[in-house]
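Q: Residue numbers (full-length UniProt numbering), protein chains in the order written: chain S, 1 to 203; chain X, 1 to 203.
Please note that the accuracy of each hint is not assured.
Identical chains share a label here; the pair holds if one copy fits it or two copies do between them.
What the hints assert, rightly or not - Heads up, simulated SDA-like pairs for lysine to any residue below, C-alpha to C-alpha not over 25 Å straight-line: (1) Lys-53 to Leu-193; (2) Lys-25 to Asp-194; (3) Lys-182 to Gly-125; (4) Lys-53 to Glu-153; (5) Lys-53 to Asp-194; (6) Lys-182 to Asp-6; (7) Lys-53 to Asp-34; (8) Lys-53 to Glu-8; (9) Lys-25 to Arg-75; (10) Lys-182 to His-7; (11) Lys-25 to Arg-144; (12) Lys-25 to Arg-73; (13) Lys-102 to Gly-66; (14) Lys-25 to Gly-80; (15) Lys-182 to Ala-36; (16) Lys-102 to Arg-155; (17) Lys-182 to Leu-32; (18) Lys-182 to Glu-129; (19) Lys-182 to Arg-155; (20) Lys-25 to Leu-134; (21) Lys-182 to His-119; (22) Lys-25 to Asp-101; (23) Lys-102 to Gln-184; (24) Lys-182 to Asp-194; (25) Lys-25 to Ala-122; (26) Lys-25 to Gln-62; (27) Lys-182 to Thr-52; (28) Lys-182 to Arg-11.
FYI, nobody ran anything at the bench for these hints, they're computed from the structure.
Next come the chains, spelled out residue by residue.
There are 2 protein chains.
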Amino acid sequence: MPKQVDHEARRQAIAEALFRIASTKGLEGASLRDVAAGADISLGQLQHYFRTKDEMLLFALQRINGLADQRIRERIEALGGTATPRDILRECLRGMMPLDDKSRTGYLVGVAYFMRAVHDEALRGLAQEGIPQLRAFFADQLSRARADGELAEGRDPEDEAMRLICLVEGLSTYIVLDVHTKRQALRMLDRHLDELFSGRPPG
Amino acid sequence: MPKQVDHEARRQAIAEALFRIASTKGLEGASLRDVAAGADISLGQLQHYFRTKDEMLLFALQRINGLADQRIRERIEALGGTATPRDILRECLRGMMPLDDKSRTGYLVGVAYFMRAVHDEALRGLAQEGIPQLRAFFADQLSRARADGELAEGRDPEDEAMRLICLVEGLSTYIVLDVHTKRQALRMLDRHLDELFSGRPPG
Numbered sequence: 001m002p003k004q005v006d007h008e009a010r011r012q013a014i015a016e017a018l019f020r021i022a023s024t025k026g027l028e029g030a031s032l033r034d035v036a037a038g039a040d041i042s043l044g045q046l047q048h049y050f051r052t053k054d055e056m057l058l059f060a061l062q063r064i065n066g067l068a069d070q071r072i073r074e075r076i077e078a079l080g081g082t083a084t085p086r087d088i089l090r091e092c093l094r095g096m097m098p099l100d101d102k103s104r105t106g107y108l109v110g111v112a113y114f115m116r117a118v119h120d121e122a123l124r125g126l127a128q129e130g131i132p133q134l135r136a137f138f139a140d141q142l143s144r145a146r147a148d149g150e151l152a153e154g155r156d157p158e159d160e161a162m163r164l165i166c167l168v169e170g171l172s173t174y175i176v177l178d179v180h181t182k183r184q185a186l187r188m189l190d191r192h193l194d195e196l197f198s199g200r201p202p203g
Numbered sequence: 001m002p003k004q005v006d007h008e009a010r011r012q013a014i015a016e017a018l019f020r021i022a023s024t025k026g027l028e029g030a031s032l033r034d035v036a037a038g039a040d041i042s043l044g045q046l047q048h049y050f051r052t053k054d055e056m057l058l059f060a061l062q063r064i065n066g067l068a069d070q071r072i073r074e075r076i077e078a079l080g081g082t083a084t085p086r087d088i089l090r091e092c093l094r095g096m097m098p099l100d101d102k103s104r105t106g107y108l109v110g111v112a113y114f115m116r117a118v119h120d121e122a123l124r125g126l127a128q129e130g131i132p133q134l135r136a137f138f139a140d141q142l143s144r145a146r147a148d149g150e151l152a153e154g155r156d157p158e159d160e161a162m163r164l165i166c167l168v169e170g171l172s173t174y175i176v177l178d179v180h181t182k183r184q185a186l187r188m189l190d191r192h193l194d195e196l197f198s199g200r201p202p203g
């Protein structure tokens, strides 16, 4: 009887080995051979799934984006049906920050991709792919808030969506560099949201 | 007669070779051998200046920080003695963004260091070293603006200084990833400054 191979479990093991290596040594240091060893399979078995390093990287990037999406969706669902746009945005933004081991690894793999994406158009397409959707989702929430009179005067939902994404990128960088603590970064995010949502509900 | 070697020129050539390699292949890809070849000297000659890769990296990081400081100082001087805190901050912040080849290379080398610094405490110390000074300088400018009644109400100079640094970090990331154009990023920076400096001059 041929040995049954759980392909999904194996892809998962490969992705996890890659994440571990990428978040400690960077992606440049992650050879197919290292990843195979980390996933406890042979190089030949790994190449059954990914023939080149770029194929493996593309898979891992999609996986990371997918995991982050799922984590954020769960957080929003946990807020329940009465969540305000501000609640939803706050959960999303916190979900994007390196506040625990999982999100820290995801963040560092993202930076490692960024470094490759700068010089590789195909990877750049994927690295930037999630941003317009994220921005559109944030802008929708901000438009909802504006309709409810909760947004500060003169704020444009599209611009504010992108400003939030940029701010969280910077806050995250300086958490990882120990320039500020997670607590300080979260306080700064909350103050930004305070200003953004300083409209008066109609009355 | 012994051959005269201009050590400063040679260090400069080494740093430039390292920057070129780091901004195209990342720092992981920059071996001492590659850098020697790029600087058109032998490996032995390179090792006269730097025995290890880490020594070379520390030198290059200090050099990058020094060049960025100098560029920004020149911009501020060019503004002349009547420059307002807003003018000065705007020049500094633009100087930190990847708007031309030089600043783009500097930015990418900075990200490459960041990836190493995450796992190396000595490098992390250096990578974060410039931030508190930068933050203090920005906070000083913002305090001056507050004294002149130019700062928006309720803004704390220290917090706003760090928010500016974080925002510019994120704006820069998404310029390099082609998510927004330089023009769009600069417009977003100016809108942020508009809000920050929306106080009324006394009298």
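Q: Could you run down the list of hints and mark each one as holding or not?
A: A quick look at each hint next to the structure:
no.	hint	verdict
1	Lys-53 to Leu-193	neither (41 Å within a copy, 43 Å between copies)
2	Lys-25 to Asp-194	neither (38 Å within a copy, 41 Å between copies)
3	Lys-182 to Gly-125	between (30 Å within a copy, 18 Å between copies)
4	Lys-53 to Glu-153	neither (49 Å within a copy, 53 Å between copies)
5	Lys-53 to Asp-194	neither (44 Å within a copy, 46 Å between copies)
6	Lys-182 to Asp-6	neither (39 Å within a copy, 47 Å between copies)
7	Lys-53 to Asp-34	both (11 Å within a copy, 22 Å between copies)
8	Lys-53 to Glu-8	within (19 Å within a copy, 40 Å between copies)
9	Lys-25 to Arg-75	neither (30 Å within a copy, 37 Å between copies)
10	Lys-182 to His-7	neither (38 Å within a copy, 44 Å between copies)
11	Lys-25 to Arg-144	neither (43 Å within a copy, 44 Å between copies)
12	Lys-25 to Arg-73	neither (30 Å within a copy, 35 Å between copies)
13	Lys-102 to Gly-66	within (13 Å within a copy, 35 Å between copies)
14	Lys-25 to Gly-80	neither (39 Å within a copy, 46 Å between copies)
15	Lys-182 to Ala-36	neither (34 Å within a copy, 41 Å between copies)
16	Lys-102 to Arg-155	neither (34 Å within a copy, 34 Å between copies)
17	Lys-182 to Leu-32	neither (34 Å within a copy, 36 Å between copies)
18	Lys-182 to Glu-129	between (27 Å within a copy, 19 Å between copies)
19	Lys-182 to Arg-155	between (27 Å within a copy, 21 Å between copies)
20	Lys-25 to Leu-134	neither (29 Å within a copy, 29 Å between copies)
21	Lys-182 to His-119	between (31 Å within a copy, 18 Å between copies)
22	Lys-25 to Asp-101	within (16 Å within a copy, 28 Å between copies)
23	Lys-102 to Gln-184	within (20 Å within a copy, 32 Å between copies)
24	Lys-182 to Asp-194	within (18 Å within a copy, 28 Å between copies)
25	Lys-25 to Ala-122	both (23 Å within a copy, 16 Å between copies)
26	Lys-25 to Gln-62	both (20 Å within a copy, 23 Å between copies)
27	Lys-182 to Thr-52	neither (37 Å within a copy, 34 Å between copies)
28	Lys-182 to Arg-11	neither (32 Å within a copy, 39 Å between copies)
Taken one by one, the earlier hints fail for this structure at numbers 1, 2, 4, 5, 6, 9, 10, 11, 12, 14, 15, 16, 17, 20, 27 and 28, listed in ascending order.
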